[in-house]
Structure formats: C-alpha cells, structure tokens
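J.: Residues per chain are reported as follows:
There are 2 protein chains.
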Amino acid sequence: MSANNEEMVVTPWEVSGKIDYDKLVREFGTQPITPELLERIQKHTGTLHPQLQRRIFFSHRDLDWILQRYEAGEKFVLYTGRGPSGPVHIGHLVPWIFTKYLQDKFDAKLYFQMTDDEKFLYHDEFSLDEPQKWAYENALDLIALGFDPKKTRIIMDTKSMGTLYNLAIRIAKHMTFSTVRAVFGFQDSTNIGMLFYPAIQAVPAFLESELEGHNVPCLIPAAIDQDPYWRVTRDVAPKLGFYKPAQIHCRFVPGLGRGGKMSASMPETSIFTVDSPEVAAKKVMGAFTGGRATIEEQKRLGANPDICSVFAYDYFLFMDDKEIEDLRFNCLAGNIMCGECKQVLTERVKKFLVEHQEKREKAKDHFEEFLFNPKDI
Amino acid sequence: MSANNEEMVVTPWEVSGKIDYDKLVREFGTQPITPELLERIQKHTGTLHPQLQRRIFFSHRDLDWILQRYEAGEKFVLYTGRGPSGPVHIGHLVPWIFTKYLQDKFDAKLYFQMTDDEKFLYHDEFSLDEPQKWAYENALDLIALGFDPKKTRIIMDTKSMGTLYNLAIRIAKHMTFSTVRAVFGFQDSTNIGMLFYPAIQAVPAFLESELEGHNVPCLIPAAIDQDPYWRVTRDVAPKLGFYKPAQIHCRFVPGLGRGGKMSASMPETSIFTVDSPEVAAKKVMGAFTGGRATIEEQKRLGANPDICSVFAYDYFLFMDDKEIEDLRFNCLAGNIMCGECKQVLTERVKKFLVEHQEKREKAKDHFEEFLFNPKDI
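Chains A and B supply the protein sequences, listed in that same order. Each residue of the first sequence is one higher than the one before, counting from 8 in the numbering used here. Each residue of the second sequence is one higher than the one before, counting from 8 in the numbering used here.
Calculated directly from the structure, the hints in this document are not laboratory data. Errors might be hidden in some of the hints.
The list cannot tell twin chains apart, which means a pair is met if one copy fits it or any two copies do.
[Said to hold, decoys possible] No more than 25 Å apart at the CA atoms, straight line, and that leaves these computed lysine to any residue pairs for SDA-like:
no. : residue 1 : residue 2
1   : 251       : 132
2   : 290       : 52
3   : 369       : 54
4   : 82        : 217
5   : 358       : 299
6   : 116       : 170
7   : 289       : 79
8   : 246       : 132
9   : 140       : 248
10  : 251       : 133
11  : 251       : 36
12  : 166       : 378
13  : 329       : 364
14  : 246       : 92
15  : 166       : 216
16  : 30        : 242
Here the structure is a predicted model, which means the values were calculated and not measured.
Build the full structure now, drawing on both the sequences and the hints.
T.: So, in structure tokens, the structure goes:
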C-alpha cells in the first residue's frame, strides 16, 4: 500500500498516513490562521517568521484573543514541551525555533515541559532512568537554540512533582475516566499512571497564573497532534478560574522517507541532532525525492517538489524565500537533478549540525540555569 | 430497619451494617490470628497487648512471615496512615496505640501517611487546604500518643510528592483501570486523580526498601476496610522486586449510637480528641446501651454488654482485664445500671481527654521533627 493511500491517524502517540491539514482543522475544531491574523501579528513582530508565512504554523485557538490581551498590555507566557523517549531529530527543532522567535518578539517567558513520566508510563520497556536521560539530552538541544535563561524554565516532570502535583490534582478532580477515554482512546488495560497523566500535561498552562496569583494568558505552540491535551485543559480552565490556554499549531516535519512525519522510531529517515555530519549526509543521500526514473525523463518532464522530502527540508528549515522559489521553479522545469539538490541540502545540514553540536556542547554548562525552580522565578 | 439487619458494607470509603468479622476474613482472604501466632508474638514482646488478647486485632496476612524474618535478624518497618477529612475521634486512636506498642516492642521505624490528596479528590466540597489543615491537626493527635520522633516519619502527601511520585509511577505502571475498577469499584465518572491514587497509597509500603537500596519487610497495622489497597500493593510488589507488605487488621471501634463504627460524619456519636470534657460527657450520657426498658426489669434480667456502646468503649480503650470481666459479669447479672456505667466511662474519657489534649498541645512544638524528609533518615 502506498503512503498516499494510508488512512490519516493523528493522536499524541501516533501520526501516520497522508496528513490532510484542512481536515484536521475541521475535525479538531481549530481555526485556520487567516491573512488578517498574520497582519495583526506582524504589527508586533515587524517581520513574519517564515514558519508563519509558509503556513508551517497553520491553525490556532484563541490566537486573536491572546493578541487582544497583549495589545491591552497583558503579557503572555509560552508553553511547549517534549516527550523525551529518544534523541531529538531536526524535525523537533522546527516548532522550538518558532517558539524562540515568539519569546524574542513578545518578550515572553517560556515553560518547557519534559514529560519523562509519560514516556516511562507509555513505553513498557523503559525503566525510569531512560526517559530521564533523554530529558537531559533533549534539553541541551533546546538550550542550544539560544533561549533566554532568564525567561525560560525547563520542567523535568519527575524532578518537579513536588511543585506540580497539587495543581495537577486540582485539575484531575475535573477530569473523569469517561473524558480521558473519549479524548485519548484510553482503555481498560491502560495503566493508572497514564490515566492521571493528562492532568500533569495541563499544569504548565496554568502554572504562571498559579505562581503569580493572578491570571496570565498562555500560548502553546506545538504540533497539532498534541491538541487533545489542550482540549481537556481548556475545558477545565474555567472550573479553576484560569484563562483557557491559546494554541498555535504546526504541521509535522516530514521524514526523509516516502510520506509520514520524521520519527525517531525510523532512524534511517530521521536526522538526529547528534548525528555526525557523515551519517547525516548518508541519510540525505538516501532520501526519497520527487524525481523521475531517469535523468533524461526528469530533464524533459521536470520533477515533483510537493512529494519530495529533500525539498521539504529546504522548505521547513534551510532556505529563504528567494531560494525556495527558485528551487521550486527549477525542479518543476527539470533544470535541476535530485543528486544536485541532495548535495546542496547535505552541505546545509552538515553546517547546521556542526554549529548546533558546538552550541549543544556549551549548553551542558548552562543546563542548571534553565531548570524550573519556582522559588527563583 | 434495625442496624442488625443492615447489609454489611466494608470498603475504604464506607463501613456500615452489622460487621461479621469471620465473613470478612473469608471474603477478603486474610488469615485469622491464631493462638500459636499470639504465643510467637509474646516471645518477643513479653506481654501481649490487650488489643491482641481481646482480638481487636484479629486478622493478618504474612504476619508469620514477618516474625520469621524478624527472628532471622531482619528488622521491619511499620506503615499506617490516616485520611485527614476531619477531626480525629478516639476510635481512630485504637490502631495507633497498637502501632506505638509495635514500634516500642520491635524497635521499628514507622511511616505514617496523611492522605490529604485522596481526601481532596474524594470530597467534592473540599478545597485543597481543607484536608491539609486536618492533616496537621490529626498529626498532633498521633504525636501526642508518644511515638518516637527518631523512628517516626509522617508523610504529608501533598507536601512530599517530590519524593513519592517516581515510586508511585513505577507502581502505577503495573495497575490498570480494570484492576482498580474491580478492586475499588471505580466508575467511568471517577476522576483521574482518584484512579491514580492507589499507587500513592502503595508507596510507603516500599519506601524504606527504596531508600535503603535493599528489601526491608513492612508490616501494616490498619482497620480491615483498607485491605483492598494492600491487595493491589501486594500484587505489584514482586513485579518491582519488593517484598509484599504484611498486614495486621483491626476491628472498627463502634460509635456511641446503635451499631456502625465510630464515624466523624456522625459527630453526636463520636468523641473527638478535641472535644471539651463537658461535650464528651454529654455524648457518653446519650450513648446507646444494652440496658432494659426499666431499672426493675434490668435488675431482674440483667443487660446485654455485647450490643452496648459504653461497654465497647471500656473494652476497646479504658478497662483492664479484671475490670472488664467484672463489668461483664455485673452487667449480665443486673448488678449494675447503665447510668452508673456511663458515669464511670465519662470519668475515664474526661481524664483521657484532659491528658491527651495537654500532650496534643505540646506536640505543636515537635511537629517538624516528625515530618518525612528522606534526606535526614
């Protein structure tokens, strides 16, 4: 069965099949980001981030409301996170890069949740130290992106529960088994840690309000598969007197294979941030493209950038508007062959990895500065 | 409907009807405490506590095993607790007094869990500070009984989750919704905090082993309604490499009304440790007894100590063997009238309350010494 015919599945634990983003917006009941909304953002940011221009961030809930609060002088906090079950691939960095842009432009504090507890509870084979190790490793990637240590707090769930638990049970009191079964597909065989977990993922949405003693708006930039968590979080918010968190949703970064998002469970099609430049180069060279069977044919008919994973990488991460427009034109026109394109991407990936790995190494000395500790905020 | 015909209900949240302890032993699958076992205990304790002699503690799991470990030189820890949803009544003190006896005789460390989180999650009307307040108030009663601060650690759930949570999720990973629904009667409408909670109540059973880095036997003295928690805890133990906790179960202290256990939800039939001696005296004077309709009749036919709440109090808490035997004889023979009996109990209760309240007041200065903090153990 070809990837294109696969049924679309989008849950917090599985993303597969051909993703129809318009359908997701309809099914999840979110709002598309309109040109008017982009214009309104640009008033505050000066320039629009390519991820907004290119509709990589494409959907939202209450983004208009959060801008209205902001325009009325009320600052918001950002909240996003990561399930640390393995190394970070560069697809993971896409929304983090955008989150940093939001932090810079809106001078916003960020809560970043490392859900090591959830990953432990979900993966039968994990002992607790496994996701804890990845939480540390993944945090280095986050820090390497240049977040402001004064405005960024990384919450390690298994190390922060002394502070999170009391808010978590206040949330949990308003979530029943019926609800989490319906929203997350939990079953009778689901363990009770997983059943409780949605309350924990809701906590950072209210944490600033709780610590400050008054309501602070919260904006969650994240891939759209996490939406079920924010739906139940939004339902609980008014019952505890908190603002509902607003959201801005991004697409999944495709893997280097045919279809599907980049996934750590398919290492051959994922470029990890800790891959050596040589290993990454090999992965790019083996990538699925939209090329023709022969060079002759491709020169005559052109290739298809819309199904090409190499083009996707240039689009998501590496090329500016002019470059991407030229590439698209030349690809469709048959002016550029896939080998050439892979060569260009390889060089960019290598350069990125070398620089990122250097920053990642330096991040080890600053890890503690980023750790959540409510007493020093 | 008379109390005697009420159906027996025994769960962690409800104890009602006429309690048939033999049936409980059969239904729960526990073991009766045999004369041989009492003899074996006495070898170590010198004298048998009245609560053992009188079969107030009447049932167990693995008590023989824990004595065997003890005889082989392996010390055990004690674990019991309290759901702090209101003031402590003197019925609550019965197993605590016995626990102190065990601590003294076996030189055992005690973990005492205040389940303020569970009470918050269970009672719709509670805000979080309500059970937290009662946890403190109830701890004063515990401390007033003379526990050794060097060997006693009170765990306040909502203040200790930084230490408890990681062990709780390791336990939770082995408990499914099916299991907690079957054991605790949870439903689709149960909130997810309650669903997770059995993992938290299991934690102290393994805590010493976890902190010490090797298996330490654990004995849980508690009323038999808590047995479902220990059943699921025992099931999980081998999966995590821990010893199964042993248990020793006590009966419910009856209230001053007709039938049923003493319950904080029926304040008129419960003597609270903070009641003034006058209030307590009034409650005793209004107590249900086994007396006859008239004094003449009682002198002629005698009364029934077995259904008498005043006799029960003397039996559970206030009289020694000689006194209780005499009282039983004189009651049955019609030699003593209920008013007289109430007068005797009133004096004892008053004396107890005055002394207890004095110790309880002093406990305020020592509360911190008893708090669980794994770093100082």
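J.: If a hint holds in the structure, say so; if it doesn't, say that too.
T.: Tested hints:
no.	hint	result
1	251 - 132	between (36 Å within a copy, 23 Å between copies)
2	290 - 52	neither (36 Å within a copy, 72 Å between copies)
3	369 - 54	neither (30 Å within a copy, 67 Å between copies)
4	82 - 217	within (15 Å within a copy, 44 Å between copies)
5	358 - 299	neither (29 Å within a copy, 97 Å between copies)
6	116 - 170	within (18 Å within a copy, 28 Å between copies)
7	289 - 79	neither (51 Å within a copy, 63 Å between copies)
8	246 - 132	between (37 Å within a copy, 13 Å between copies)
9	140 - 248	between (36 Å within a copy, 23 Å between copies)
10	251 - 133	between (33 Å within a copy, 23 Å between copies)
11	251 - 36	within (15 Å within a copy, 49 Å between copies)
12	166 - 378	both (10 Å within a copy, 20 Å between copies)
13	329 - 364	neither (28 Å within a copy, 82 Å between copies)
14	246 - 92	between (33 Å within a copy, 23 Å between copies)
15	166 - 216	both (21 Å within a copy, 20 Å between copies)
16	30 - 242	within (23 Å within a copy, 45 Å between copies)
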